[in-house]
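Asks: Chains as they are written, first to last, in this note's numbering: chain Y, 1 to 333; chain V, 1 to 523; chain A, 1 to 307; chain R, 1 to 343.
No wet-lab data here; the hints were simulated from the structure.
Remember, predicted model here, so these are calculated numbers, not experimental data.
Keep in mind that the hints are not guaranteed to be accurate.
Beyond 10 angstroms from chain V on every Cβ pair, some chain Y residues (computed) [to be verified]:
{"no.": "1", "residue": "D130"}
{"no.": "2", "residue": "T164"}
{"no.": "3", "residue": "T170"}
{"no.": "4", "residue": "P174"}
{"no.": "5", "residue": "R326"}
Here's a subset of chain V near chain R, in silico, CB distances under 10 angstroms, partners left out [to be verified]:
{"no.": "6", "residue": "A320"}
{"no.": "7", "residue": "P340"}
{"no.": "8", "residue": "F350"}
{"no.": "9", "residue": "S352"}
{"no.": "10", "residue": "D354"}
{"no.": "11", "residue": "R356"}
{"no.": "12", "residue": "V360"}
{"no.": "13", "residue": "D363"}
{"no.": "14", "residue": "L372"}
{"no.": "15", "residue": "A376"}
{"no.": "16", "residue": "S377"}
{"no.": "17", "residue": "I384"}
Where is the CB? At the ideal position from N, CA and C, for every residue including glycine.
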Amino acid sequence: MSAPALSPAVTARIRRYSPPRRYLPVTAAVALLIGIFGAGSLRYQGFADPQVILNLFVDNAFLLVLGVGMTFVILAGGIDLSVGSVVALSTMIAASTLEAGWPVAATVIAVLVAGTLLGTLMGLVIHYFDVQPFIATLAGMFLARGLCYLISVESIPIRDPGLTRFAQGTVPLPGGYHVTPSVVVALVVFAIGAWVLHLTRFGRTVYAVGGSESSAHLMGLRVALVKVGVYTISGLCSALAGLLFAAYTLSGYSLHAVGMELDAIAAVVIGGTLLTGGRGLVLGTMAGVLLLGTIQTFISFDGTLSSWWTKISIGVLLLIFVVIQRLLTRRQT
Amino acid sequence: MTQAITPAPSTALTPPVVEMRGISIGFPGVKALQQVDFRLLPGEIHALMGENGAGKSTLIKALTGVYAIDEGTVAVAGAEHLFGSPADSQAAGISTVYQEVNLCTNLTVAENMLLGREPRRFGRIDGLAMKARAGSILDRLGLAIDPGSTLADHPIAIQQLVAIGRALDLDARVLILDEPTSSLDADEVAKLFAVMRTLRGQGVAILFVSHFLDQVFEISDRMTVLRNGKLVGEYPTGSVSQLELVEAMIGRELETLDKLEQHAAADVPQDRVPLVKVLGLSRRGSLQAVDLEIYDGQVIGIAGLLGSGRTELARLLFGADTADTGSIDVRGTRRRFRTPRNAIGARIAFSSEDRRAEGVVEDLTVADNLLLTLQASRGWLRPIPVRTRERLVAEYIKALDIRPPDPAALMRNLSGGNQQKVLLARWLITEPELLILDEPTRGIDIGAKTQIQQLVAKLAADGLSVVFISAELEEVLRLSHRVLVMRDRAKIADRPNDDTVTVAAILELIAAGGPAAEGNPDA
Amino acid sequence: GDDKPESKAASDSITMGFAQVGAESGWRTANTKSVQEAAKTAGIELKFSDAQQKQENQIKSIRSFIQQKVDVIAFSPVVETGWDTVLMEAKRANIPVILTDRAVDSKDTTLYKSFLGSDFVVEGKKAGEWLVKQGDAADVNHDGSIKVVELQGTTGAAPAIDRKEGFEEAMKANPKIAIAASQTGDFTRDGGKKVMESFLKSQKDIDVVFAHNDDMGLGAIEAIEAAGLKPGKDVQIITIDAVKDGMTALADGKINYIVECNPLLGPQLMGLAKKVVAGEEVPARVLTEETVFDQAAAKTALSARQY
Amino acid sequence: MRDLVRRPLFWPVLALVLLLALNAVVTPAFLSVRIQDGHLYGSLIDILRNSAPVLLVALGMTLVIATRGIDLSVGAVAAIAGAAACVHIAGSPQQAATSTLLTAVAIAVGVCLLLGLWNGFLVSVIGIQPIIATLVLMTAGRGLAMLITDGQITTVVSPGFKVIGAGFVATLPVAILIALAVFALTAVLARRTALGLLIESVGINPEASRLAGIRARTITWTVYVFSAFCAGVAGLMIASNTSAADANNAGLWIELDAILAVVIGGTSLAGGKFSLTGTLVGAMFIQTLATTIPTIGIPAEANYLFKAVVVIVVCLLQSPKARAALRSRRPRRATPTVRTETA
Ligand SMILES: Nc1ncnc2c1ncn2[C@@H]1O[C@H](COP(=O)(O)OP(=O)(O)OP(=O)(O)O)[C@@H](O)[C@H]1O
Ligand SMILES: Nc1ncnc2c1ncn2[C@@H]1O[C@H](COP(=O)(O)OP(=O)(O)OP(=O)(O)O)[C@@H](O)[C@H]1O
Ligand SMILES: [Mg+2]
Ligand SMILES: [Mg+2]
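Looking at chain Y on its own, in the form it has when it is part of the complex (with noise of 0.2 angstroms):
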């Protein structure tokens, strides 16, 4: 059954195809994103600076690849809570590797390897034994975060030179600004994250199993490869992400991101992911991730709010970008 030359039909509706609905809560995290620089710049003098958007690049280049694994697990209609606790573990282990000598190729892989290894198993627990994904990344979490006050208590510096290097390093751009490789290296997992998620079989199948798991099933999708696929990914993403953040803060530490998963969910969830699974882009998560940032750097170029108005001022914020956004993207129907 191939399909043969094409008919006048399908040609027109190809041309009728305009962009489905979809795009639309991405569409509206990005207006918003540039709506709310707009009104920064306005207020704060510097705000309009292009270093400004580049350091919300800097600083969250750890979250946007979080982000993009917290993404596949999300849109597979399932929750990673673990990736916070794998942060901080991937952390203690650079650093403490570090510390021990190690070179700096056998740390990454070292700990590339721990949280590939972690996510896989609670994929594996998730699908084959049927443990709702809330539960096992809790354990997932609580187990990372143990594992870290094993090799540490207490916080460990990383003086290796060559991740000193790479984390002080800068990659300049023109006209004088900067950003950090940690950014490349986010882009980079951002593009092959979209490339994945939107034009592979891989990626469509995480949408169909997020859509109805047991219609894919029954389509003869395999859902377990995807099942335990997306917590493997996040948990890749998830020790890459720590490695970055190790970079960021150049140590190990068992409190390190804690409370992480919260930022990364709600950097989804605003970029337009349904948390329910089956509707979202990759895209939208880079706008929550820039919309979270926004929201801080807003905050401290405020520079007024005593601790309690800072809490406040997040959680109204927040508000708003969901609230507008769900007004803009009401079903007109």
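Given chain Y's structure and the hints, the job is docking chains V, A and R with the ligands onto it.
Replies: Then chains V, A and R with the ligands, alone, in the frame of chain Y:
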């Protein structure tokens, strides 16, 4: 047991492509299949027949690896197989459309048809090729929809066709269609049959389940009949009459179908206040202004093709969607239906065409499902007393012959037809004055269908008004006092169901003025 | 908020960026208040940012301070490690940095001008020394050994580690003293109470509670009272911080000894900042003025406490 | 025996019993309960009393989860309740007076109901995903609590207030009595009226429920209000327990414990069927676990590991699939390989 018909001698010319022997499957409390044998030959269309709950879908799921088999063997092309999952059976060349449309409504039409087999270029999915391939499948089915549109935006009938499209795209040697025609209209069915015949010509073995006997006799070569999970027999289609087949299915004589009295159309007392009077009801993009009057005890049949706006009209009447313009008067008082609750308060009931998404509450029991609406209208503070509960549940399980007759059974474990009966009962329990039935007989076996039709007639005779929507024109005509014909989301005719109104006349009406299914007034 | 745009009209007005850890305890909010008020009095424009206990947030705000070209940056690091990169950026931008309350663990001491704060190890040591000095008076139940249970701060936090270390070091002077159990109470009253409850049941004859802060000590008091014992008498309690509630309990005889950890760093910080901006030399380590309180001292000091 | 093992609550209860047994072995006095000063005293009583806040929050959470939602804001709401009550008491001229206590409790509960209305509004009217809608309050709520207390831990001297969390009535801890009363109230509301059925229906298939005439929106809204109410009462308990409002730490991460309790009790996060008894067992289990760690002397460094292992084991034991895999290597039974969910 004496059979009216003798099974055909099992001298098949060609070796069967699928051979199942001694299949047994049990669910907690139900023996769904007992020692069933089944053969499917290459190049034949084989109908699997049986009442609701006879075990047809279970047999299909046993064959395709959805359920593990307790006992028995499955051989495909001579080699024994035990499929662990639908993916395995697909890999062995079996392509299946399951009864409850199993697609991902969050994805596009094209994606749904090609998931797992997307055309690729340089390792990436080739979007254009995908759309083209999907488009050509849609063309084969004569479906004029955008392959890039989201599946959720299409009514259930379109979704069913898309599911069939997906199965066609698989280059399979066995094609299984579990009630593919249940929500299709005559036109769509004809197109599907044409495709099926072509495939048969190419040597594909097709397993086909349908409750429409006419369709079965039109398309199938042989048939296998199941009853209560047991094999009754295997027959060449030509060798049995419809009546004999029905008796084989239900194990007794059928109360004849055409005993329903013809309704005199003229007995509507025009001077009385109508129960429901609708003026200019419309909704942007879905329905153009419709006027309608419904009197007590009247059955209004609505005829039309796929997407003609029948469901939309019903939803507006029920407040499931809100109308942009128009008014609804119930017994002379103006009502505004913002939510279904308003309509329920006005004693209007609505049984949706999309049983799975809008009807059943899968994880609740049959009893809870039965009483849901009654409970909702009583309010949470006044639970139905246990005794009343038990009485109502027992009464309606019996009245509608719901099987298994176990109030504590989970709704998700009922066969499709029995779920439909539960939903009907859910509404009848609330004693409505107007009952809107959108495709109530979809997926219902011939015995049950008769029961439901008789029920409608009886309810109408008792003074209940009914709006009856069905893809089966014969059914509409048999039951209604008035017939409303819709096309392109507008009412095009509204006339008493007298002798001049025939299936042919309605089809003509719909056809007049160009191709009905294509037109899209606000595209 | 105050939406006056940042103006550098008066070239002599100093802008300070202050990156606080968070508002995780009463001690911390007192510290924040002190900084904010001192800035006002000293005529320094304060850009305040709250990191909510996250190092990455603190790095971000320091980076944003650099972007905003403040004159001086002060911060209490969430952790000791990992500040080199951003401090280097500050150095490149010629913005001096002052650490408050907690140190950073960096080989390059030119990255900051001064560190103003107390020494947690010393605090622990002071607590231990007092216990040693008590001698057999601390053996409340006269069984010949002094059994201590320790309520640790948040696992891995610098004050928890250092106070434990200092205490254990001082404790060695008396072999009769032994820590029988040590658990984290997360620096909170509730945590202190719950851990103490289980200590009281799993350990017999507890003589002394050493709590890493007042709040856990106050929680322990509740637990001890609920068990029908008298805090301060049947079980002795040593804590660190000297916040108002702790001092009140001390004056009431429910706590036996408190080592002060002074949060009022504001005035000292502003003084340092002015000097640093003016280019004057400042000492690399400035200790906060701190004392210790026993029950008698608490009664007199209590009326004058402002936090 | 087989039937017993198949009971949904068998494994959580068994895990709870094992945990208690472990404690009893390590600390012989663990199981002893004696009367001291006219009230019951002992580790078991402590566990019960300390589990009261989690149980309360988990009760509200159970209903929220049953409607396919989740409420992350409970910890912050608890903090606000404690803050509001303590600030009112601390600011009143007669701290110890009963009228002060009553108004304080009324204020706290009132505020919480408002916060619940707010959450419910965001979820059911605006249509924001529950996790994000409640994340807003989770973040801002602690700020509000600190705003109320001005960032300080507010200590109160009110014997009446202390009773809520740490007092005794007829030898029994008041906290337990309150939690059990709310439990009983919830159970009656859910199972003696039709509320439970309607909630489950909305959680399983919201659209079908709406078409069946259920006020899906109102129900969703109500469960968030109820959840906030429970969180508020829990917050009062937490504050009363130490006679102080700690805006930062009161109820910190209690949402995770509560969700864990709900899930261990057998309620699925996918919504629908819920079990209040399960939640009760789950809450007990979590508190016993928390008590066990210091009692058996696990070093602070390892307590997360211990928790992780226990949670994994309990969840695996509960999973029918895992049990089937453990029991035998026979081919699968004729069960659908995946649950069919409504689109
Ligand atoms: N997953 C399940 N668990 C328990 N019982 C089931 C399950 N699936 C089907 N059954 C029961 O098995 C019997 C056969 O059902 P099946 O779906 O095969 O019927 P069917 O012939 O396809 O009917 P219909 O025409 O209504 O689709 C019915 O009694 C049904 O209630
Ligand atoms: N052939 C088609 N091509 C494009 N759109 C269609 C087609 N058929 C149905 N639709 C969609 O159906 C919607 C209206 O359908 P509605 O469900 O009201 O019709 P219906 O007459 O009840 O059909 P059904 O037989 O599915 O119940 C339209 O908005 C349109 O999107
Ligand atoms: Mg079937
Ligand atoms: Mg329809």
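Asks: Evaluate each hint against the coordinates.
Replies: Verification of the hints:
Every C-beta of chain V lies more than 10 angstroms from that of Y:D130, the closest at about 15 angstroms, which supports listing it as non-interface. The beta carbon of Y:T164 sits about 37 angstroms from the closest Cβ of chain V, which is more than 10 angstroms, so the claim that it is off the interface holds. Against the 10 angstroms criterion, Y:T170 stays outside the reach of chain V, whose nearest CB is about 33 angstroms from its own CB. No beta-carbon of chain V is positioned within 10 angstroms of the beta-carbon of Y:P174; the least distance is around 31 angstroms.
Every beta carbon of chain V lies more than 10 angstroms from that of Y:R326, the smallest distance being close to 18 angstroms; the non-interface claim holds. A cut of 10 angstroms between beta carbons decides the hint on V:A320: the least distance to chain R is about 6 angstroms, and the hint holds. Hint status for V:P340: holds, given a least beta-carbon distance of 5 angstroms to chain R, under 10 angstroms. Residue-level restraint check for V:F350 holds (minimum Cβ-Cβ distance to chain R is 7 angstroms; threshold 10 angstroms).
Annotation: V:S352 was flagged as interfacial toward chain R, and the flag holds, the nearest CB pair being 6 angstroms apart, inside 10 angstroms. Look at V:D354: its Cβ gets to within about 9 angstroms of chain R, closer than 10 angstroms, so that hint holds up. Interface hint at V:R356: satisfied, since its Cβ lies 6 angstroms from the closest Cβ of chain R, which is below the 10 angstroms cut-off. Look at V:V360: its Cβ gets to within about 6 angstroms of chain R, closer than 10 angstroms, so that hint holds up.
Checking V:D363 against chain R by beta carbon gives a least distance of about 5 angstroms; that is within 10 angstroms, so the hint holds. A hinted interface residue such as V:L372 counts as satisfied when its beta carbon comes closer than 10 angstroms to some beta carbon of chain R; here the least separation is about 5 angstroms, so the hint holds. Here the hint on V:A376 is kept, as its CB sits about 4 angstroms from the closest CB of chain R, short of 10 angstroms. For V:S377, the interface hint holds, the least distance from its beta-carbon to any beta-carbon of chain R being 6 angstroms, beneath 10 angstroms.
At a threshold of 10 angstroms, the smallest CB-CB gap from V:I384 to chain R is about 7 angstroms, leaving the interface hint in force.
Of the numbered hints given earlier, the model fails none.
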